[in-house]
Structure formats: structure tokens, C-alpha cells
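*Asks:* Sequence:
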Amino acid sequence: MVAVTDIDLINNAYVDHEREQLARYDIEIDNNFRCIVTFGMYLIQMGQFDKSISYFRNLLFRTRLYEYERYFVLKGLARAYMKNGEHDTALEYAFIAYKINKLIVPDDTKEIEIELGKIYNHREEYNMALQHLEEALKQTDPNDFDTISAIHTNMALAHFSINNFSIGFELCQRTLQMLYDSSQSDPTTISDIYMIMARGHYLGNCLDAAIEYCQTSLSIRASIYPDNNPILIRSYYELGYYYDDNDQYELAIEYFSKAVELYQKYSNENDLLEMKAMIFSEIARCYIGLKQFQLSVFNFEKALEMHSRIIPLDEKVLAELHEKIAVCYWSRKEFKETSQHYEIALELKKKILSSNDDIISLYRRIGICYNEIKEDALGIQYYQKALNF
158 MVAVTDIDLI NNAYVDHERE QLARYDIEID NNFRCIVTFG MYLIQMGQFD
208 KSISYFRNLL FRTRLYEYER YFVLKGLARA YMKNGEHDTA LEYAFIAYKI
258 NKLIVPDDTK EIEIELGKIY NHREEYNMAL QHLEEALKQT DPNDFDTISA
308 IHTNMALAHF SINNFSIGFE LCQRTLQMLY DSSQSDPTTI SDIYMIMARG
358 HYLGNCLDAA IEYCQTSLSI RASIYPDNNP ILIRSYYELG YYYDDNDQYE
408 LAIEYFSKAV ELYQKYSNEN DLLEMKAMIF SEIARCYIGL KQFQLSVFNF
458 EKALEMHSRI IPLDEKVLAE LHEKIAVCYW SRKEFKETSQ HYEIALELKK
508 KILSSNDDII SLYRRIGICY NEIKEDALGI QYYQKALNF
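Each residue of the sequence shown is one higher than the last, beginning at 158 in our numbering.
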């Protein structure tokens, strides 16, 4: 368990920001508790979602808390579950926090309204997201630029997702202008807005503009964050993703590789395996686009090795990776290796009860591989299995 004194010594801009946010509440919050909650939020910010969930659940179920303290822990737990992709559970805890908020401060629910808006955005329930965000906006002081920025950017994300691009961009531009005109211009918030505008352009199929805005955001973040900050690392990944979609594979590989390098630099070997595996898979796909299949195999195998260490095993993902490796060997006309990976994929797909079409297709492809290496008897066996399945 991390001691409160250790928590208090964390030198991180995000932690300072979270402390300031907690200090704004009318209720007097114990300084030790403030540090404890801040550390949970710091774990989320560092991408340690499972650890943050365990941390907040320990606080919630094994600690005696005042009701207002339960509110902060529940809100943190909701955010951790949201970031971990467990949106139903996130919503459940956010609503418990909302009820506590209504009991303690019935006229000021804006913070939890914003959290609910974010969760509904992740659940792709954009109208519900907008309802909560609009309610938060009604309760917000016009001079509270920090909160207005958070509301506007999340509203913009919702509008981009339902193809209301003009409204989304107008919200972003208005927020940028508000920040530039004020004495509270915050580079962190400005970089977030540019990244959201990049997302809007991407969803609107304007890839060159998406890349431009993403680069602007990244350049700001690189000037304010240390190399080990996960927001910066995620920015490298997103720019790589946009370059990949724009068929600029060399640049995509450059930014994906930078993201992997920094993840490996700041995290333990067994941390964030899913994220690292996903980036290696993206690099592999880029090498397919460049027809450099050997390098593609190398990176798919890195992703496969990482996925094999994630408990519980996701056999569907493992099967897909073996199929992708098989395709690379097929392109190199190395049919023995192709058949080996198709056979592993076949056994995995049988275990997870994939569709008949998937199984038949794999039998047929393995049969073709054996034909190519002149083992026709084995090829016939697999064709027969495809017919009989």
C-alpha cells in the first residue's frame, strides 16, 4: 500500500490539477483523503485501469467513509471502469454517486453530470450524453472556463459521433477563443481540444486535416508533458493511426514505434500488455501495406506473445493473430509455416465455437497449403473435412 506521504510527493501536473479540483468543493475535505483519492485518479491517468479499480474498490468496501467521501470514491471508480471499457459498471457507480450528490448538494451536480456525459459517450448513447452535459452547463458559472471547456469538448465529441460536425467544430472553436481571450489559457486543455477536432475531421473523412490537428496537439503536449506521461504516448499512437488510415505507412510506423518505446520505458514488462499488443499489431498491418511481410510477421508475433500472457486468455484474439501471421507467410509463399498457423487458428476457433463458414474456410485454406507443398493426400483430407463439417 502506498503511504499518504508518498502520494503527496508525486510531482505531476495532473495530480496538482486534481488537488485543485478537490479544493473547489464547499465541503471541507480532509487533506489525507484528498491525497488518497488523487492517487487513484493518478493511476487512471497512468493507464493502470485494473490497479485503479482495485484501489478504489478497496477504499469503498474496506474503509469507513463519510457519505461525501463515498461520493468521490464512487466517482473515481466509475471513471476507472469507463476507461477500462466496462461501461455498464461505470454507469452503475456513477448513478450511485449522483444520488449521494443530490442528497448532499442538490443544486450542484455538474461534476457528476459531466462524468455521466462521458460514460454515455463511451456507450455511444449520444443523446443521453448531451442531456447530462447540457444540465452541467446550466449549473456552471460563466467564468469557470475549466469546467466549460470540459463540457464543450465532451459535447463536441457527441456531436461529431452523430455527424453534427458544424455544431461540434463550433463548440471547439468557441472554447478555444474563450481560452485564448482569457488569462486562464491552459495549454493542456488547448491540446485536448485540438485532439478532439482531429477526431472530428477523422470521422468526417478529412484525414489530412485530422493529421494536422493531431500534430498540433502532439506538439503542445510534447512541450508540457514528460516522455513517460501516458497522454503523450497515446498522442503518438493516435497520430500513427491517422497516418495508417491515410496509407502513409512509414510515418505511421514511426509514431507507433515511438508509442511502444515510451510504453516500455515507463511501464513494467507485464503492465499494459493489451495496449502494447494492439500497437504491435498496428505496426504489423503497416508492414503488410508496405509488402514487408517478414517484418509484419515479427510484429504480429510480438503481439501474440503479449496476448498469451494476458489472463484470462482471449482465444478469439489469439486465433485472429495466428490467421494474420498465416496470411503473411502465404504472401511469401511459405506454405508450410502458413499451414502451421492456420491449424492453430482452426483449433482455437473450434474451442470458441466460431461459425461454420470460418471453420470450413480454414480447412480449405490448409488443404491448399498442403497441395502447394506437394502433400496432396493431406490436402485431400482437409478438403474432405471442409465438405463434411
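For the record, the hints were derived by calculation from the structure and aren't laboratory data. Just to be clear, a hint being listed does not mean it is correct.
Stated by the list, open to error - Label pairs and their computed distance ranges (CB to CB):
(1) N300 / E458: 46 to 56 Å
(2) F546 / I467: 28 to 38 Å
(3) E411 / F546: 23 to 33 Å
(4) P469 / E426: 52 to 62 Å
(5) D514 / F455: 27 to 37 Å
(6) N427 / D338: 26 to 36 Å
As the list claims (entries may be wrong) - Once the Cα atoms are required to be at most 25 Å apart in a straight line, the calculated SDA-like pairs of lysine to any residue come out as:
(7) K422 / N403
(8) K240 / S339
(9) K493 / P469
(10) K542 / S511
(11) K208 / D471
(12) K481 / Y423
(13) K459 / I517
(14) K507 / R466
(15) K493 / I467
(16) K208 / S511
(17) K256 / I319
(18) K508 / L544
(19) K490 / L430
(20) K240 / E226
In this text, all values refer to a predicted model and were calculated from it rather than measured experimentally. Built from N, CA and C at the ideal position, the CB exists for glycine as well.
*Asks:* Name the hints, by number, that the structure is in violation of.
*Replies:* 3, 4, 6, 7, 8, 9, 12, 13, 15, 16, 17 and 19
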